[in-house]
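*Asks:* Sequence:
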Amino acid sequence: MADLRSLQPWLQPWAWWIFNYGQSINPKLTVTSARRSTWDQIRLFNRYISGQSAIPAATPGTSKHELGEAFDMASIGVDPFEDPYLPWLGYWWQYYGGRYGGTRDPVHFGVR
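Residue 155 in this note's numbering sits at position 100 of the sequence shown; the count goes up by one each step and never skips.
It is possible that part of the hints are untrue.
Beta-carbon label-pair distances, calculated as ranges [unchecked claim]:
id, residue 1, residue 2, range
1, 122, 76, 21 to 29 Å
2, 79, 114, 29 to 37 Å
3, 101, 72, 27 to 35 Å
4, 136, 56, 18 to 26 Å
5, 75, 137, 29 to 37 Å
6, 143, 167, 15 to 23 Å
7, 116, 78, 17 to 25 Å
8, 108, 154, 16 to 24 Å
9, 95, 159, 14 to 22 Å
10, 150, 97, 30 to 38 Å
No wet-lab data here; the hints were simulated from the structure.
Using N, Cα and C, we set each Cβ at its ideal position, and we do this for glycine too.
Required output: the full structure, derived from the provided sequences and hints.
*Replies:* Listed below in structure tokens is the structure:
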């Protein structure tokens with residue numbers, strides 16, 4: 056599991072809140088990514104633009120992940136585009152002021 060403690064300190068309580076809430080309704084939920092290096096972002100971006108990943112990745116240097124202002128969650132063994140829990144969690148994340156990736160990027164939870 057990626058470490059939510061790598062996020063900006065002001066975001067961590069909110070990230071832990073949505074993750075813990077998510078796990079209470081879906082124990083298979085895990086954090087798949089949090090803060091990432093520019094090199095990791097380059098790798099993910101290249102996988103996306105080459106068609107090796109359906110999950111979008113921002114252009115390196117523009118990702119909220121690189122700033123520690125975004126994290127990804129997914130359910131183990133479940134296609135994130137089919138997961139009924141992610142949109143529900145996304146709804147609550149947005150309700151409290153966050154930014155959710157929606158149907159295009161259902162694993163993404165970040166800030167505005």
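*Asks:* Work down the list of hints and note, for each, if the structure agrees.
*Replies:* Verification of the supplied hints:
1. 122 x 76: 21 to 29 Å: holds, 24 Å
2. 79 x 114: 29 to 37 Å: Cβ of residue 79 to Cβ of residue 114: about 35 Å, so the range 29 to 37 Å holds.
3. 101 x 72: 27 to 35 Å: holds, 33 Å
4. 136 x 56: 18 to 26 Å: holds, 21 Å
5. 75 x 137: 29 to 37 Å: violated, 23 Å
6. 143 x 167: 15 to 23 Å: holds, 20 Å
7. 116 x 78: 17 to 25 Å: Violated, since residue 116 and residue 78 (Cβ atoms, about 32 Å apart) do not stay within the stated range.
8. 108 x 154: 16 to 24 Å: holds, 20 Å
9. 95 x 159: 14 to 22 Å: Taking Cβ atoms as reference, residue 95 and residue 159 lie about 21 Å apart, which means the hint holds.
10. 150 x 97: 30 to 38 Å: holds, 33 Å
In summary, the numbered hints that this structure violates are 5, 7.
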